[in-house]
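Engineer: Keeping the supplied structure of chain Y fixed, place chain F upon it in accordance with the hints.
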Amino acid sequence: MFDRDRWQEVYQTLKSNKLRTFLTAFGVFWGIFMLMVMLGAGKGLQNAAFDGLGDFATNSAFIFARQTSIPYKGFPRGRFWEFHTSDMKALEENIPEIDVLAPRLQPWGGNGSNNVVRGIKTASYYISGDYPSFSKIDPVSLMQGRFINDIDVLEKRKVAVIGIRVRQELFKPDENPIGQYIRIQGVYFQVVGVHEPKNKVNIGGEKDQTIYLPFSTVQVVYNLGDVVHYIMVTAKKNIPVSIVEKKCIALLAARNGVAPEDEQAFGHYNLEEQFNKMNGLFAGIQGLIWIVGIGTLIAGVIGVSNIMLIIVKERTKEIGIQRAIGASPWRVISQVITESVVLTSIAGTFGLMLGVLLLESLNKALNSAGGSNSDGMMFMNPGVSFHIAILALVILVLSGIIAGLIPARKAVRVKPIDALRYE
Amino acid sequence: MIDLRSIHKSYVTGSNSLHVLKGIDLFVDKGELVSIMGASGSGKSTLLNVLGILDNYEKGEYYLDGQLVKEMSEAKAAILRNRMLGFVFQSFNLISFKNALENVALPLYYQGVSRKKRNKMALEFLDRMGLKEWADHLPSELSGGQKQRVAIARALITKPRVILADEPTGALDSVTSQEVMDIFQEINAAGITVIIVTHEREIAQRTDKIIRLKDGNIEEIIFNQHLQKAAI
Chain Y
1 MFDRDRWQEV
11 YQTLKSNKLR
21 TFLTAFGVFW
31 GIFMLMVMLG
41 AGKGLQNAAF
51 DGLGDFATNS
61 AFIFARQTSI
71 PYKGFPRGRF
81 WEFHTSDMKA
91 LEENIPEIDV
101 LAPRLQPWGG
111 NGSNNVVRGI
121 KTASYYISGD
131 YPSFSKIDPV
141 SLMQGRFIND
151 IDVLEKRKVA
161 VIGIRVRQEL
171 FKPDENPIGQ
181 YIRIQGVYFQ
191 VVGVHEPKNK
201 VNIGGEKDQT
211 IYLPFSTVQV
221 VYNLGDVVHY
231 IMVTAKKNIP
241 VSIVEKKCIA
251 LLAARNGVAP
261 EDEQAFGHYN
271 LEEQFNKMNG
281 LFAGIQGLIW
291 IVGIGTLIAG
301 VIGVSNIMLI
311 IVKERTKEIG
321 IQRAIGASPW
331 RVISQVITES
341 VVLTSIAGTF
351 GLMLGVLLLE
361 SLNKALNSAG
371 GSNSDGMMFM
381 NPGVSFHIAI
391 LALVILVLSG
401 IIAGLIPARK
411 AVRVKPIDAL
421 RYE
Chain F
424 MIDLRSIHKS
434 YVTGSNSLHV
444 LKGIDLFVDK
454 GELVSIMGAS
464 GSGKSTLLNV
474 LGILDNYEKG
484 EYYLDGQLVK
494 EMSEAKAAIL
504 RNRMLGFVFQ
514 SFNLISFKNA
524 LENVALPLYY
534 QGVSRKKRNK
544 MALEFLDRMG
554 LKEWADHLPS
564 ELSGGQKQRV
574 AIARALITKP
584 RVILADEPTG
594 ALDSVTSQEV
604 MDIFQEINAA
614 GITVIIVTHE
624 REIAQRTDKI
634 IRLKDGNIEE
644 IIFNQHLQKA
654 AI
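Residue numbers (our numbering), protein chains in the order written: chain Y, 1 to 423; chain F, 424 to 655.
Calculated directly from the structure, the hints in this document are not laboratory data.
Backbone N, C-alpha and C define an ideal beta-carbon position, used for all residues, glycine too.
Any given hint could turn out to be false.
Okay, the calculated bits of chain Y under chain F, using three or more residues with CB under 8 Å as the criterion [what the hints assert, rightly or not]:
| # | segment |
| --- | --- |
| 1 | 326-340 |
| 2 | 407-417 |
What follows is a list of derived Cβ distance ranges for each label pair [what the hints assert, rightly or not]:
| # | chain 1 | residue 1 | chain 2 | residue 2 | range |
| --- | --- | --- | --- | --- | --- |
| 3 | F | Leu561 | Y | Asp418 | 24 to 32 Å |
| 4 | Y | Asp418 | F | Arg551 | 27 to 35 Å |
| 5 | F | Asp550 | Y | Ile390 | 45 to 53 Å |
| 6 | F | Gln490 | Y | Tyr422 | 22 to 30 Å |
So that you can see chain F by itself, here it is in the shape it has in the complex:
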């Protein structure tokens, strides 16, 4: 599903150049539940951004479902993001003036789906998140866990191949975090590839594969069964 071949990425600020990703090789198969861990500054968010076509990279090749993603026009990238990927962010990133239903339906709006049809689908997905009664509430009227569930519903509505989550539980308490992880596992069970960036071990522990980054390189890849032994 995702195939990275020696990806290099650096940030240039003025005369300084910060080499963030130093040749990442990574393969994530269809239907995997993967977490990316690492200290802050290790490049885990940057990696996720490259995966999400939110940011470009200088060297290497990135194949998404067999398709090379490189120097892509923003219009084409927008279509790929819309059809293939679903995003879940730490700060939820819901549109503040749209209610829960409209937020969930938004990706379909960009696909040109009729209002009636997309609202019906959005209600379905909200229902699956247990938020049917909250459909007409604005984000400001929802709790953190509810907001994140709305965001997940929004990520799922286009039936993407890959869900990319950047610290999805970073702003949630531990009980809610576990609930959100339950949802991710459920999604994964339905066959969608899920990649979660996190620094919480409890979260990473619930994934199949942990990719540990250090200074822009993959330090180790831990599979779940090894994880059990590693005695966290």
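Next up, chain Y with everything else stripped away, as it sits in the complex:
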């Protein structure tokens, strides 16, 4: 394979008509270049779309109570109703598909009235009563301190985990908020942690402006009885969360005198559905990219095959001489295929490299223009993965072989004497 005579012949063939070789190579170059750029751009769109999701559990759903729309069991329509702590137990006991159940209370927030005080500073934040299990659905990343734990809930401790904005606004930069007290709606809480959101999924309010308190504390301190404002659930492995969501709604309806067909009585949001929709969209885009990209590549490869046919025709006599002095058919075939593979690989590698280079510079431009954390970006980290690039190279070599196959067969199908006589 690596002897000089073979490469000398390859070189001679390809250089005999430089413009023709260049144009042919350009077809393959363009095919792989387009494929890489399109794949990279598709990836960029996808990254931007999925960026907001972050580490949020995608198999999760959120359910909350709304006004009923159907009269049922003596209750009129238009009734305001709520979940209760007892419902939580029933959910856990009756629906084995639930993996994590996190009830939540959200008594205030978002209405602009100042509810949090520290010293002379007052501000309005989202207040949320949570269980530690919430962190399994939306991982709370802590800058400092800890999240709410089971003992906090058990002992109804007055502790708070504050968002990064809360820290910035109520505390000086060099101040350590841990151990400090803040007054929330008239009650003092001790700060035990500071969190900084890592995704952009906001349920009930911007997370960086949210203060997490123990669920039980909120229930008691703010006199909410056994009410639950909404629940978040995740499904166990391999179970679609939509099934869990339906079962929860059915059970909650049955326990609270809500008509089973009353769809308006529940507000719910299923992340999995959104996730699947997006996934489907991007799978479609990617499929389209491959079809178009491979199509372009095939056009290039057919070009190579055509040129190889012409080259073989031009070299008929030379091949005839080689065969007369003992070149085996396999040697002639492998020679033609080598030429074809060399042509496609070199052109393809250039296309691959230029495509990656373009994506890289695009990436750099995007990053320097908007920074890595800019919101609402349509495009993010475009690029192709290493194994896609390797796959593209394999496709190139294979297509080179295929492109060479027909001309190579043609080269040996001619009888040696006819090849020798060919002028």
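Structural biologist: Just chain F now, kept in the frame of chain Y:
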């Protein structure tokens, strides 16, 4: 060495069939120097092509060194051509982008001989042809006689049993032709069977045996001593 038994060969072009060889019986012994003569269209080139396994034939049997050559796979034919036969053509048929040395070494390349070894051998054979200084010249830089000597060196390098030459002097002047014939006689003296297709009497005259073809049949076989009497 070569044993042909009623060889038939025809060319089919469209609906026409041209019967070129009409039952050739021929025996060439080891170490003979034979020429094949005949008018154009008599089938002498076709006969040489059949002998060189460059072309097939329809009927009859062809034994090369005791081995039947018939309906042979191209791969096997390539090996036989490479090991047993050496070709010399009228138009030299050197590879234009390879220099003299590489051209001579090419058959050994197909045998898988290492580059170093085959180049050494090629230089030896070029030396024997008096072309050592021309080793790194391309064919386009050589004269006709030099090209033919390179081609002969290429034919000889695999130490074949039979040299087949198709009008080897057809493109050369008479002085060079005689030089080339000197070489063929030398080769023959070393024990290699040589078969030359020619239409030049001076060339045929220097062979042991002349096979005269006419319309696809062997018209007569003239041995050298008779040739002298035939008063050309």
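Engineer: Each hint: holds or not?
Structural biologist: Verification of the supplied hints:
no.	hint	verdict
1	326-340	holds (count 6)
2	407-417	holds (count 4)
3	F/Leu561 x Y/Asp418: 24 to 32 Å	27 Å, holds
4	Y/Asp418 x F/Arg551: 27 to 35 Å	33 Å, holds
5	F/Asp550 x Y/Ile390: 45 to 53 Å	51 Å, holds
6	F/Gln490 x Y/Tyr422: 22 to 30 Å	29 Å, holds
Taken one by one, the earlier hints all hold for this structure without exception.
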